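Here are the chains, one letter per residue:
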Amino acid sequence: MSAQEISAGTTASGTAASGTLEAARGLFRFATAGSVDDGKSTLVGRLLHDSKSVLVDQLEAVARTSAERGFGGDEGGLDLALLTDGLRAEREQGITIDVAYRYFSTAERSFILADCPGHVQYTRNMVTGAATADAVIVLIDARHGVLEQTRRHLSVVELLRVPNVIVAVNKIDLVDYSQQVFDDILGQLATITRELNLSGIHAIPVSALVGDNVVQRSEHTDWYQGPTLLELLESLPAIDELQAADDPFRLPVQYVLRPQGALAPSVAADPATADSLRDYRGYLGQISSGSISVGDAVELYPGGFKTTVTGIAIADKKVATAFAPQSVALELADQFDLARGAVIAAAGTLSEPVNNLSGELFWLDPRPLVAGQRLLLKTGTVTTQVIVSAIEGRRNLDTLAIDPADKLEINDIGHASLRLAAAVPIDDYAQNRRSGAFLLIHPQDGATLAAGIHTAQNDFAI
Amino acid sequence: MSNLTSSDASKASPNHLSLLDTLESEAIHIIREVVAEFERPVLLFSGGKDSVVVLHLAAKAFYPGKVPFPVLHVDTGHNFPEVIDFRDRTVDRLGLKLVVASVQDYIDRGILFERPDGTRNPLQTLPLLDAITEGKYDAVFGGARRDEDKARAKERIISLRDEFGQWDPRNQRPELWNLYNGRHLPGQHVRAFPISNWTELDIWRYIEREGIELPPLYLAHEREVYRRDGMWRAVGPVSMPEPNETVETRLVRYRTVGDMSCTGAVESHAVSIADVVIEVAASTLTERGATRADDRISEAAMEDRKKEGYF
Numbered sequence: 088m089s090a091q092e093i094s095a096g097t098t099a100s101g102t103a104a105s106g107t108l109e110a111a112r113g114l115f116r117f118a119t120a121g122s123v124d125d126g127k128s129t130l131v132g133r134l135l136h137d138s139k140s141v142l143v144d145q146l147e148a149v150a151r152t153s154a155e156r157g158f159g160g161d162e163g164g165l166d167l168a169l170l171t172d173g174l175r176a177e178r179e180q181g182i183t184i185d186v187a188y189r190y191f192s193t194a195e196r197s198f199i200l201a202d203c204p205g206h207v208q209y210t211r212n213m214v215t216g217a218a219t220a221d222a223v224i225v226l227i228d229a230r231h232g233v234l235e236q237t238r239r240h241l242s243v244v245e246l247l248r249v250p251n252v253i254v255a256v257n258k259i260d261l262v263d264y265s266q267q268v269f270d271d272i273l274g275q276l277a278t279i280t281r282e283l284n285l286s287g288i289h290a291i292p293v294s295a296l297v298g299d300n301v302v303q304r305s306e307h308t309d310w311y312q313g314p315t316l317l318e319l320l321e322s323l324p325a326i327d328e329l330q331a332a333d334d335p336f337r338l339p340v341q342y343v344l345r346p347q348g349a350l351a352p353s354v355a356a357d358p359a360t361a362d363s364l365r366d367y368r369g370y371l372g373q374i375s376s377g378s379i380s381v382g383d384a385v386e387l388y389p390g391g392f393k394t395t396v397t398g399i400a401i402a403d404k405k406v407a408t409a410f411a412p413q414s415v416a417l418e419l420a421d422q423f424d425l426a427r428g429a430v431i432a433a434a435g436t437l438s439e440p441v442n443n444l445s446g447e448l449f450w451l452d453p454r455p456l457v458a459g460q461r462l463l464l465k466t467g468t469v470t471t472q473v474i475v476s477a478i479e480g481r482r483n484l485d486t487l488a489i490d491p492a493d494k495l496e497i498n499d500i501g502h503a504s505l506r507l508a509a510a511v512p513i514d515d516y517a518q519n520r521r522s523g524a525f526l527l528i529h530p531q532d533g534a535t536l537a538a539g540i541h542t543a544q545n546d547f548a549i
Numbered sequence: 002m003s004n005l006t007s008s009d010a011s012k013a014s015p016n017h018l019s020l021l022d023t024l025e026s027e028a029i030h031i032i033r034e035v036v037a038e039f040e041r042p043v044l045l046f047s048g049g050k051d052s053v054v055v056l057h058l059a060a061k062a063f064y065p066g067k068v069p070f071p072v073l074h075v076d077t078g079h080n081f082p083e084v085i086d087f088r089d090r091t092v093d094r095l096g097l098k099l100v101v102a103s104v105q106d107y108i109d110r111g112i113l114f115e116r117p118d119g120t121r122n123p124l125q126t127l128p129l130l131d132a133i134t135e136g137k138y139d140a141v142f143g144g145a146r147r148d149e150d151k152a153r154a155k156e157r158i159i160s161l162r163d164e165f166g167q168w169d170p171r172n173q174r175p176e177l178w179n180l181y182n183g184r185h186l187p188g189q190h191v192r193a194f195p196i197s198n199w200t201e202l203d204i205w206r207y208i209e210r211e212g213i214e215l216p217p218l219y220l221a222h223e224r225e226v227y228r229r230d231g232m233w234r235a236v237g238p239v240s241m242p243e244p245n246e247t248v249e250t251r252l253v254r255y256r257t258v259g260d261m262s263c264t265g266a267v268e269s270h271a272v273s274i275a276d277v278v279i280e281v282a283a284s285t286l287t288e289r290g291a292t293r294a295d296d297r298i299s300e301a302a303m304e305d306r307k308k309e310g311y312f
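Chains as they are written, first to last, in my numbering: chain A, 88 to 549; chain B, 2 to 312.
By construction, these hints were calculated from the structure, which means they are not laboratory data. Bear in mind that the values here come from a model prediction, so they are computed numbers and not experimental data. Here a beta-carbon is modelled for each residue, glycine too, at the ideal position from N, C-alpha and C. Be aware that one or more of the hints could be misleading.
[As the list claims (entries may be wrong)] Not the full set, but computed from the structure, chain B residues with beta-carbon under 10 Å of chain A:
| hint | residue |
| --- | --- |
| 1 | L20 |
| 2 | T23 |
| 3 | E38 |
| 4 | L95 |
| 5 | W178 |
| 6 | D203 |
| 7 | T250 |
[Claimed, not checked] Listed below are several chain B residues computed to face chain A (Cβ distance under 7 Å; list not exhaustive):
| hint | residue |
| --- | --- |
| 8 | S26 |
| 9 | A37 |
| 10 | K61 |
| 11 | Y64 |
| 12 | P65 |
| 13 | K67 |
| 14 | K98 |
| 15 | V101 |
| 16 | K155 |
| 17 | R174 |
| 18 | P175 |
Excised from the complex, chain A in its bound form (with noise of 0.2 Å):
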């Protein structure tokens, strides 16, 4: 297998780098996962550093540091790892504690950088980081090829369905920018994401540390043909750009809007608009998947009715048509008793609402999770009670295989099935990231216990 057959090697996106188009411009996701030892924060660094995302006194604080600590000997090297550190504890300790949310943009897009810790918690921290991650890029040191935590970074990866996979082999720079070991490693990962079934990865030669194809491209590396990952994560797909035109219309109910008595004063101030608003009825909510015009049919959850949108609005804004992510208000034809929790989808697409419910768990708390255990479910805007009827196994992270357990404990994955107070319109997790997943809450202190994604073909009736 060679590099280019791994990498996308193609900018897809057509959108113009114009600057008076910025605001056209969209917004990628991604995550980092790997350890310190992996060369992560300085990977981290070196993307702001070089896609001139750092401003002066942020480097000058960074220059400083690295003097006092003697970096890079005389010559004035910048540990650009230094620029990534967030809390005292991890400056005092050289270690990343928590997930750290950084922001760039480059003439093609706008950048969220969740950078996530690979040593203390690392499933917590993978899950939070990777949930909403339109990418996430794994590290690899290139000296050492793949490690079981490569194997267990790339397991969760999938089962959080992660649209694209970037493995960056970094310390390209330490094994002579030899193409025999990067051609090595890609065969190891081959074979990994054959066995796990793992689709859409790249991996690319980099050196965080001199700065080889991360943003510039390597003059040592003229065997590797692909972009180098900056140009990646300019041309990969949004989750939302991949969204199907088909994909059903839902509308998690947040709020039902009644403001007669309590309108707005720039619209109480005419009487004509105020009085249009006598019977108002607006369904708040971020549409979590598809799209919804004036005159659709939906059907609602609880109670099945079937019913049509008589209005969208975003704002003081009336709209024709709405898709996901937006936040909307909706307007039915006929008046429902809707409250928060309630579903509105397109009609004869809604899920059989389901109280008996299969999940993988990603546990995250001390505390571990055993049969019988009341939980509290959250899911899009409702809340119920669930009772643990079992602990169906755990997760072997190296070959994804499901061995008997009973019992969860903290980073572990694994499979329970949960017996809901009331019975919930889930969708499946492989066909809805935000309607197919679910948080444990511990019913007392409130803590979130688990991330949980829906895995239908588990179900079972009562």
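Based on these hints, arrange chain B on the given structure of chain A.
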């Protein structure tokens, strides 16, 4: 190895949100979640551009209804008069209730003491926490952004605070998908940051796009200033120059409008929001680095203040 991206490209949705529309939708979703799930939300409103943007988003989120929560201002007593005037007009225009927590009051009552450097920003924490307790507010909206500071980069969108208002960065709830968990015990509250993911430039572009009114200080104007710590300080009752500091008249504007005693101006010719957008896009200094003396006290200044309940 197949490429997932190319196989789906043919049926990709034609719908594509711009950066500002994506950020706006996310912020409105957060504001609606908080209003729906909490009993008594409140918005920290200083008249600064970030809190003005949050208030604008709240007005959009509940249109044609009015913003369904009051606003709270922690007044250091050192505010620019133009900002106070703007605050009152805005609250009036939107028909909101304004709660003021006054640092001056606390100093007059002998509960807080003036610092030797004259800065009152660090004194805001106690009046803020008292006002939250008194108002029984369980969710406090703020305009903090993660791009402002290294400590804020680790802040959650919905962030739990204990009875002492403390932020524990090592023990934060993971924040997953767009599912926010705001459950809390009696005495605890959450801080909610709907514009966490906006950068300074996003804010300015949004202000320009939406035609949002700001206090006039944000645009270039002539002012008597003197140079201190590499910043231009306004001459005023609480920010007098030392004898060795020369007062001159310069064309300046503010990038943040905090306490007069510690907020510096930058030289600027930006007389419209469009000019500001161009200026910010070309700027080489971070917003807080350029104009906030209180963040220069130490490398970890913001982290320390956040831990003790600052916003």
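Closest C-beta approach of B:T250 to chain A relative to 10 Å, hint status: violated (26 Å)
When the least beta-carbon distance from B:L20 to chain A is tested against 10 Å, hint result: holds (5 Å)
Satisfaction of the B:K67 interface hint, Cβ to chain A closer than 7 Å: With a closest approach of 4 Å, the B:K67 hint holds.
Interface hint outcome for B:P65 [beta carbon to chain A under 7 Å]: holds (4 Å)
Hint validity - B:T23 Cβ closer than 10 Å to any chain A Cβ: Where the cut-off is 10 Å and the nearest Cβ of chain A is about 5 Å from B:T23, the hint holds.
Hint status (Cβ of B:W178 to nearest Cβ of chain A, threshold 10 Å): holds (5 Å)
Hint check: 10 Å Cβ-Cβ cutoff, B:E38 to chain A: holds (8 Å)
Hint validity - B:Y64 Cβ closer than 7 Å to any chain A Cβ: Result: holds, 5 Å to nearest chain A Cβ.
Minimum beta-carbon distance criterion (10 Å), B:L95 to chain A: Holds. Min distance 7 Å.
Status of the hint placing B:V101 at chain A (closest C-beta pair under 7 Å): Violated, about 21 Å.
Interface restraint verdict for B:D203 against chain A (beta-carbon cut-off 10 Å): Holds, about 8 Å.
B:K61 as an interface hint toward chain A, with CB separation required under 7 Å: Constraint on B:K61 satisfied, holds at 4 Å.
Violated hints, in rising order: 7, 14, 15; the structure is consistent with all others.
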